[in-house]
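Start from the sequences, fold in the hints, and give me the full structure.
Following our numbering, the numbering of the sequence shown begins with 3 at its first residue and continues without gaps.
Keep in mind the hints are simulated off the structure, nothing from the lab. The beta-carbon is built from N, C-alpha and C at its ideal position, and this holds for glycine as well. It is possible that part of the hints are untrue.
Stated by the list, open to error - Distance condition first, Cα-Cα at most 30 Å in a straight line; then the derived DSS-like pairs of lysine-lysine:
id, residue 1, residue 2
1, K415, K369
2, K113, K332
3, K157, K359
What the hints assert, rightly or not - The following label-pair restraints were derived from C-beta to C-beta distances:
id, residue 1, residue 2, range
4, S82, K388, 44 to 50 Å
5, G154, N373, 41 to 47 Å
6, G423, T203, 31 to 37 Å
7, R99, E360, 40 to 46 Å
8, P96, G268, 30 to 36 Å
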Amino acid sequence: MPSVGSDLHPNPFFFCKVVSPTTGVLMTHFDCIVVGSGHAGSFLIVDKCPPGWVGGNGYFTAGAHRTVHGGLQDLLPIVSNLSSEVVDRIDMEPYTRDQFFEDIMRLGNGKADPAIVSAVVDNSRDAIQWLAQSVKVPFVFSFHRQAYEVDGRQKFWGGMVLSVEAGGKGLISAHQDALSKAGVELWFDTPCVELLRESNTIAGIVVRRNGVNIPLKTSAVILAAGGFEASSELRTRYLGPEWERAKVRGTPYNTGDGFQLARAVGARTTGDWAGCHNTAWDADAPDDAGARDVTNQYTKSGYPLGIMVNSDGARFVDEGEDFRNYTYAKFGRAILSQPGGIAFQIWDAKVIGSLRKEEYGDGIVEKTMANNIEELARELSAKGLKDSGALIRTLNEFNAAVERRQRDFPNQKWDPAVKDGLSTQSNSCHLDIPKSNWALPINQPPL
Numbered sequence: 003m004p005s006v007g008s009d010l011h012p013n014p015f016f017f018c019k020v021v022s023p024t025t026g027v028l029m030t031h032f033d034c035i036v037v038g039s040g041h042a043g044s045f046l047i048v049d050k051c052p053p054g055w056v057g058g059n060g061y062f063t064a065g066a067h068r069t070v071h072g073g074l075q076d077l078l079p080i081v082s083n084l085s086s087e088v089v090d091r092i093d094m095e096p097y098t099r100d101q102f103f104e105d106i107m108r109l110g111n112g113k114a115d116p117a118i119v120s121a122v123v124d125n126s127r128d129a130i131q132w133l134a135q136s137v138k139v140p141f142v143f144s145f146h147r148q149a150y151e152v153d154g155r156q157k158f159w160g161g162m163v164l165s166v167e168a169g170g171k172g173l174i175s176a177h178q179d180a181l182s183k184a185g186v187e188l189w190f191d192t193p194c195v196e197l198l199r200e201s202n203t204i205a206g207i208v209v210r211r212n213g214v215n216i217p218l219k220t221s222a223v224i225l226a227a228g229g230f231e232a233s234s235e236l237r238t239r240y241l242g243p244e245w246e247r248a249k250v251r252g253t254p255y256n257t258g259d260g261f262q263l264a265r266a267v268g269a270r271t272t273g274d275w276a277g278c279h280n281t282a283w284d285a286d287a288p289d290d291a292g293a294r295d296v297t298n299q300y301t302k303s304g305y306p307l308g309i310m311v312n313s314d315g316a317r318f319v320d321e322g323e324d325f326r327n328y329t330y331a332k333f334g335r336a337i338l339s340q341p342g343g344i345a346f347q348i349w350d351a352k353v354i355g356s357l358r359k360e361e362y363g364d365g366i367v368e369k370t371m372a373n374n375i376e377e378l379a380r381e382l383s384a385k386g387l388k389d390s391g392a393l394i395r396t397l398n399e400f401n402a403a404v405e406r407r408q409r410d411f412p413n414q415k416w417d418p419a420v421k422d423g424l425s426t427q428s429n430s431c432h433l434d435i436p437k438s439n440w441a442l443p444i445n446q447p448p449l
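This is the structure:
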C-alpha cells in the first residue's frame, strides 16, 4: 500500500514518552501524539473508532511475525508453548538477513525502497525481543500455520515461524495491557481532522471530541491510522473498478484518513498506490468489515495442497508456485479478477487432514462433499459453478498430468514442508498452467 513522507521536518517521526491526559482534566499539549490504535501505533492517544473496534487491522491478523533469526535455539527464550519433548522434534532452519531482504524485494517486484527494507530487516530481531520483553506479547511457535508433521518431526517452512497466542486478539490485548500499565489514556470516538503547522513544522493536531474540535499541541505526531482498504471509493480510484466489490477483512475505520491529513499539509506521497495486500477470503464473509469473533479464520489459504478453479471450471494460478506465505497476497488479487470475483478450492481425502482447522473447520466454512468428480461438479453447479463439464475436464487433465509425472519420477516424495518439485509437468505432459509443487491426484473420496 502507499505511504506518505514529509520534507517539512528533518526528523518528523521519533519515539518518546507519551504524556497522556488524566481523567477529567483536558490537557492540550503532549510530548507525542499517535493517531491510530493498531499494532503499528503502540503508544496511542486518539482513534476515531469506538472502544469495541480497538486494534485496527492488527486485531484481525493471525499475529504472525517475520524476523531474522538463527534457528530454534535463538528463538526458544521468547516463546511459551513448548515442552522439552516437543523441542526435540522440531526442525527449524535459520532465516537470514539476506533471505528476509531478498524476499521483500522479490515479492514487491523490486519496488520497495532498499533503505527502508534494510531498516526493517536489520532491526527485526530487536523489535521482536522488545515486543516480548517490554510489551509482553505472548509469542509462540506457529505450529498450526508454519509447520507440517513429516516422519514424526515438526518441520517449519517459509521462514516465518512466530505467531502470537490467540492471534491478533492476543497481540492487541498485550498492547492494551502495556498502555494501561504505562498510564497512557486512549481517546476513542475521537477522529483526527487536521494536522497543525507552525513555522513549517507539524505542531499538533485537531481532534473532534464529543462534537467539538479541540486543538492539541505536540512535539511529534505519528500517523498509524491504517490504509484505505475500507473505502470502496478509494479502492476503486487507485486499484481499479473490480475492487469496489472486494470484501473488507478487518476494521471498517481504515478509510484513508491518515493519507488525506498528510496530503493536506503538503506531505509527499510515495509507494505503490496500485498495489495492495489481498488474500483468499471466505465468499460468505461480511462485505464491509471483518467479524471480531472470527477474525482471520475467514482466510482460506490451503490452496497449495489442492487446486483452485473459477466459476467457469478452469484453473487460473499455479497453486504450488511457492510457499503460501509468498503467494497468498497476489492470489487474492487473481481470484478477484475471475468471473464474479470467486473461486472454488478443491482437495481430496489424502490432504484434507492437513488443512488448518481454524480456517476449514465445521462452522467456519461451507463445505461441499462428493464421492467422485462428476458428483462434485453437480453439487458445485448449485453454488455458482457455471460449467460443470469444464470442471470435470480440468480435474481429469490435472490428475492425468500428475500421474504421468509420478510414472516418470517414481522416487519423488510429497512433502508440504519443502518445495518438493512434485509437479504436473513431465516428459510426456505439460499443462498450460502448471502446479509446480505438492501436486497429487485429486481422486480419493471424499472430494
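Verification of the supplied hints:
{"no.": "1", "hint": "K415 to K369", "result": "holds (29 Å)"}
{"no.": "2", "hint": "K113 to K332", "result": "holds (15 Å)"}
{"no.": "3", "hint": "K157 to K359", "result": "holds (18 Å)"}
{"no.": "4", "hint": "S82 to K388: 44 to 50 Å", "result": "holds (49 Å)"}
{"no.": "5", "hint": "G154 to N373: 41 to 47 Å", "result": "violated (32 Å)"}
{"no.": "6", "hint": "G423 to T203: 31 to 37 Å", "result": "violated (57 Å)"}
{"no.": "7", "hint": "R99 to E360: 40 to 46 Å", "result": "violated (31 Å)"}
{"no.": "8", "hint": "P96 to G268: 30 to 36 Å", "result": "violated (44 Å)"}
The structure fails to meet hints 5, 6, 7, 8 from the earlier list, while all remaining hints are met.
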